[in-house]
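Peer 1: Taken in sequence, the protein lines are chains Y and E. Sequential numbering from 1 applies to the first sequence in this note's numbering. Sequential numbering from 257 applies to the second sequence in this note's numbering.
Note that these hints are calculated values from the structure, not bench results. Be aware that a few hints might be false.
The calculated DMTMM-like cross-link candidates involving lysine to aspartate or glutamate, where the alpha carbons are at most 20 angstroms apart (straight line), are [claimed, not checked]:
| hint | chain 1 | residue 1 | chain 2 | residue 2 |
| --- | --- | --- | --- | --- |
| 1 | E | K259 | E | E438 |
| 2 | E | K294 | Y | E213 |
| 3 | E | K294 | Y | D216 |
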Amino acid sequence: MFEILYNYWDLLLLGQYPSGPLGGLSITLILSLLGLGLAFPVSILLALARISPMPAVRIPATVVVYVVRGIPLIMVIFWVYFFLPLLIGRTITGFTTMLCTLVIYQSAYLSEVIRAGIEALPKGQIEASRALGLGYFRTLRFVILPQALYNMMPSMISQFVSTIKETSLGYVINVPEITFAANQVNNQLLTQPLAVFSILALVYFLLCFSFTELADYIERRITRKREGKHKKIKSAKPAKSGYIAMSTATVSKENS
Amino acid sequence: MWKGIVLTLELTLSSWILALVLGTALATVRMTNHRLAKIVVGCFVAYHRNVPMLVQIMMWYFALPSLLPDSIQLWINQFNGEFLYSVIAIGLCMAAYVSEDIRSGLRAIPYGQFEASRALGLSYIRSMRFVILPQAMRIAVPPLINHTVLLFKNTSLAMAIGVAELTYATRQIENYTFRTFEAYFVASVWYLALSLALMGAGALLARHYRIPGSK
Numbered sequence: 001m002f003e004i005l006y007n008y009w010d011l012l013l014l015g016q017y018p019s020g021p022l023g024g025l026s027i028t029l030i031l032s033l034l035g036l037g038l039a040f041p042v043s044i045l046l047a048l049a050r051i052s053p054m055p056a057v058r059i060p061a062t063v064v065v066y067v068v069r070g071i072p073l074i075m076v077i078f079w080v081y082f083f084l085p086l087l088i089g090r091t092i093t094g095f096t097t098m099l100c101t102l103v104i105y106q107s108a109y110l111s112e113v114i115r116a117g118i119e120a121l122p123k124g125q126i127e128a129s130r131a132l133g134l135g136y137f138r139t140l141r142f143v144i145l146p147q148a149l150y151n152m153m154p155s156m157i158s159q160f161v162s163t164i165k166e167t168s169l170g171y172v173i174n175v176p177e178i179t180f181a182a183n184q185v186n187n188q189l190l191t192q193p194l195a196v197f198s199i200l201a202l203v204y205f206l207l208c209f210s211f212t213e214l215a216d217y218i219e220r221r222i223t224r225k226r227e228g229k230h231k232k233i234k235s236a237k238p239a240k241s242g243y244i245a246m247s248t249a250t251v252s253k254e255n256s
Numbered sequence: 257m258w259k260g261i262v263l264t265l266e267l268t269l270s271s272w273i274l275a276l277v278l279g280t281a282l283a284t285v286r287m288t289n290h291r292l293a294k295i296v297v298g299c300f301v302a303y304h305r306n307v308p309m310l311v312q313i314m315m316w317y318f319a320l321p322s323l324l325p326d327s328i329q330l331w332i333n334q335f336n337g338e339f340l341y342s343v344i345a346i347g348l349c350m351a352a353y354v355s356e357d358i359r360s361g362l363r364a365i366p367y368g369q370f371e372a373s374r375a376l377g378l379s380y381i382r383s384m385r386f387v388i389l390p391q392a393m394r395i396a397v398p399p400l401i402n403h404t405v406l407l408f409k410n411t412s413l414a415m416a417i418g419v420a421e422l423t424y425a426t427r428q429i430e431n432y433t434f435r436t437f438e439a440y441f442v443a444s445v446w447y448l449a450l451s452l453a454l455m456g457a458g459a460l461l462a463r464h465y466r467i468p469g470s471k
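The following block holds chain Y by itself, in its conformation from the complex (with noise of 0.2 angstroms):
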């Protein structure tokens, strides 16, 4: 195992960058990173229509969110893949493919996770902020948002965890990420499959759980900021024997 990294390393990591495109961990890494960043705003907007007052706003949005949910991101990948070059009328690389369908895909969820925590707020925050004579944009500039997004926090760390999975799939139209590359590995030694795929399995066990932790930490701290700053908190009741194991950890919605 060992030895497959060391000989390996460079095409996990980079995949041929200096002589060719770069590949491996560095591509996961920068597809759901910009990924996520780019849905991100797609998101807040769909979320807003999907909470707006006016039908002729809330019933597409609605419909965009179902059907991209009802379908799977494989399903995505190939629209993207054969018709949005038809779309832009030129071929387009296995990259782009698979960030546009990541923003498409993520966009959708991130939205549900955003109208949420815009839904979960009071809305006497709404109302009062309008009352102080903020419009519609401002209240949710500096009321709205600044909260919801603050609240979310850990649920879209979560987010950015299923993104990190989702680029696998780019394995599916050749986008040289690192399940890709392991793959590449595979076929060249072909005697070692389950040291190439434990590998492969560590790396993002490693990646993603050290994010699921981090979620963890950050939805424990705003809930004990949402409790009173200055109270000290008493920790939670020890379980008692024969019962259910109560730990912090939460279950945070996660789709893949």
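Given chain Y, put chain E in place with the hints provided.
Peer 2: Just chain E now, kept in the frame of chain Y:
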């Protein structure tokens, strides 16, 4: 394409059953508060939640069979090995999610209820059976439905190892006929219709099993 749909549904159903049975078992084991059991189940859940399902499927299809003796490998491959491995991979992965759903349902029940039922003279098993679980399972219904839809969508990943389910069938049709748009449109409509049907049925179920008086 019809064959693909049937295979997708078969895949969904078999891995769903595996996920539900194993997930419940895992949640139960974790509940016992035994230290080793907690660590083992915790690792299982963490692995399956933090590694992409595609990689898990590859692990089961490419990597783990190499541990088996050749004769058993051949024997499994005679009986549609791809299908079996993808059911195992998807089932195990979703079992991790299911066990978390059930556990969060259990954690939502205040500890006082358990103490109260013990104080009223019910044994551990009976207080679980009559007081805790009926409530916890009801709370767990909505996330379980979400994960069922997710499982259904994730069966499409089995195409990567050559299971001839709906997505795979679509690709083949597209290769034979070159009618790309029609093929993908029909397949997407099928996926969408089936997921929406699952969501709708799930919403009815959730309403039926909702704890009266709760939101």
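Peer 1: Against this structure, judge whether each hint is valid.
Peer 2: Hints, verified against the model:
| no. | hint | result |
| --- | --- | --- |
| 1 | E:K259 to E:E438 | holds, 17 angstroms |
| 2 | E:K294 to Y:E213 | holds, 17 angstroms |
| 3 | E:K294 to Y:D216 | holds, 18 angstroms |
This entry satisfies every hint, going by the numbered hints stated previously.
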